[in-house]
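Q: Each chain, letter by letter, is given below.
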Amino acid sequence: MAAPELPVTKAVRALLARDLTLAIRHRGEMANPLIFFVMVATLVPLGVTPEARELARLAPGMIWVMALLSSLLSAETLFLSDHRDGTLEQLVLSPQPLWLLVLAKVLVHWLVTGLPLTLLSPLLGVMLSLPAAGYGPMMASLALGTAALSLIGAIGAALTVAIPRGGLLLSLIVMPLYMPVLIFGASAVQQAVDGMAPSGPLAVLGALLAFSCLMSPFATAGALRVSLHG
Amino acid sequence: MLECREIAYERDYVPVFSGLSLSLSGGDMLQVSGPNGAGKTTLLRLLASSLTPSEGEILWRGIPLGQRLGEFRNDMLYLGHQPGIKGALSPRENLAWLESLGAPGRETVDAALAAVGLAGLEDVPCHTLSAGQQRRVALARLRLSPAALWILDEPFTAIDRDGVAALEALILEHARQGGIVVLTTHQALGLPGVRLLALEPHGRA
Chain A
12 MAAPELPVTK
22 AVRALLARDL
32 TLAIRHRGEM
42 ANPLIFFVMV
52 ATLVPLGVTP
62 EARELARLAP
72 GMIWVMALLS
82 SLLSAETLFL
92 SDHRDGTLEQ
102 LVLSPQPLWL
112 LVLAKVLVHW
122 LVTGLPLTLL
132 SPLLGVMLSL
142 PAAGYGPMMA
152 SLALGTAALS
162 LIGAIGAALT
172 VAIPRGGLLL
182 SLIVMPLYMP
192 VLIFGASAVQ
202 QAVDGMAPSG
212 PLAVLGALLA
222 FSCLMSPFAT
232 AGALRVSLHG
Chain B
977 MLECREIAYE
987 RDYVPVFSGL
997 SLSLSGGDML
1007 QVSGPNGAGK
1017 TTLLRLLASS
1027 LTPSEGEILW
1037 RGIPLGQRLG
1047 EFRNDMLYLG
1057 HQPGIKGALS
1067 PRENLAWLES
1077 LGAPGRETVD
1087 AALAAVGLAG
1097 LEDVPCHTLS
1107 AGQQRRVALA
1117 RLRLSPAALW
1127 ILDEPFTAID
1137 RDGVAALEAL
1147 ILEHARQGGI
1157 VVLTTHQALG
1167 LPGVRLLALE
1177 PHGRA
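Residue numbers (our numbering), protein chains in the order written: chain A, 12 to 241; chain B, 977 to 1181.
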C-alpha cells in the first residue's frame, strides 16, 4: 500500500493537473508563440536569401533568437489570468510553500511552450538548411535553454503582474538575463556545425539551468508577494 | 482567538485607517460596514495575512501572525471579490484543486456542490454559469474547508434570496460550532448576535 500523500505533494499535483487542463482548453493561446516561431522561419528564406549556404550560416543564431523571442512572448501570460481572477491570492494565502507552487506553474509553462518548440525545431532546421551536424546539439541546447528562459521569465512576470500593460517592462527586466542563454545556446549549435564538440556551451547551459532552477522559484515567490501587496 | 492591537495601514503614505483594535473569540461574527473606499477590503486582506499592517500587530491564538503563518493559513479561508474560479474549468475541477491547497475537506466536492444548489452542473464549464452560480461555486468552499476563521469579502454579491438565507444559516452554524466569521456586505443580514464594525473614510473606526 502506498504511504498517505503529503498535503504539499497533493497541492503541487493538483496545480500541475489544473494548469495542464487549462493549457489544453486554451490551445489557441498556447499555440501563438509556436506559430510565431514557425512563421519567422518561413519568412527568413524569403526575405534574406533562399541560398542554402548563406542560410546555413545564419541558421544557428536565427533559430535561437526566434526561440528567445517566442519564449518572451509567452512569459507575460504566466501569472496574468491567475492574477485577474484571484487565483494568485489563493495561492499566496495557501499554507503550502509558494516557491513549490511557482515551480509547478513554471514546469507546466515549459511543457506547453519550451518543449513543443524544441520538438518543432528540426522542422525549422530543414527550412533554414541547417547542416546535419547541428540537429542534435540544437535540440539539446533548446531543451536546456528554454527551461532556463521559462524560469527567468517567471521572475519578470511576477514582478510586472500587477502593472497594467507590463509587457514592455517585462521585456526590459528579463532581456539582460536572457542574454547568456542566447549566447551559449547559439554557440553550441554553431560549434557543432563548424565540426567542434558542442559539449562546452551545452555544459554552461546546463549550469545556467541549474542555477536558475535554484534561484528563480524563490525570487518569483518573493516578487509575487510584493506585487500583491499593492 | 483573533486579535488586532492598534493596527494602522497606509497606502502610498495615505492612511487608510489607524488605531484599530478588535478582538474576536470562537463563535463571534463580525460584519464590517462602511461607504465605498472606507477600507473594508483592506482590513479583510490584513486579517487574511495578505497585507501586513504598517503599525500594530495581529495575533492568532495569542501568537503574532508573522510567526506562525503556515499554521494560521491552514486555519483560515479567505474569499475575496475575485474568488479564483476559472471559467474554463468545471465547478468540480475548480473546487477539487482549490480544496487540495488547504487542509483536507469535511465533505466531498459533489456533496458541497449539491448543497449550494449546483447539482447537475458539476461538469459544465464555469464561464457558461451565471454570476450568481459562479459565486455559489466559490461559496461551496465554505462547506469543504475545515478552517476555523472565515474571511468573506462581499459573499452575498449576485446571490438570490434563497441563497442568502442558506448562506446565513451556514455562517450561524459555523459560529455555533466555535468558528469565527468576518464579512463585509451592504445588505441587512438576519444574523442574530453579529457584531458590527463601521469604518469611516480616512478616520478612526
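Hints were generated in silico from the structure; no laboratory data involved. On a predicted model such as this, the values are computed, not experimentally measured, just so you know. Watch out, some of these pointers could steer you wrong.
What the hints assert, rightly or not - From the derived model, a few chain B residues whose C-beta atoms are all more than 10 Å from chain A:
#1 ILE1034
#2 GLY1038
#3 ILE1039
#4 HIS1057
#5 GLY1060
#6 GLU1069
Claimed, not checked - Ranges of calculated distance between the beta carbons of each label pair, as one might list FRET restraints:
#7 B:GLN1153 / A:TRP110: 30 to 36 Å
#8 B:PRO1080 / A:LEU31: 21 to 27 Å
#9 A:ALA173 / B:PRO1122: 30 to 36 Å
#10 A:ALA28 / B:PRO1122: 20 to 26 Å
#11 B:SER1001 / A:CYS224: 56 to 62 Å
#12 B:THR1133 / A:LEU134: 36 to 42 Å
#13 A:ILE46 / B:GLY1042: 42 to 48 Å
#14 A:VAL76 / B:ASP1136: 51 to 57 Å
#15 B:ARG1037 / A:LEU134: 58 to 64 Å
#16 B:THR1104 / A:LEU80: 50 to 56 Å
#17 B:ALA1174 / A:ARG236: 26 to 32 Å
#18 B:ASP1138 / A:GLY39: 48 to 54 Å
#19 A:MET150 / B:GLU1031: 26 to 32 Å
#20 B:ASN1012 / A:ALA28: 35 to 41 Å
The beta-carbon is built from N, C-alpha and C at its ideal position, and this holds for glycine as well.
Q: Return the numbers of the hints above that this structure violates; sort them in rising order.
A: Numbers 4, 5, 6, 11, 12, 16, 18, 19, in rising order.
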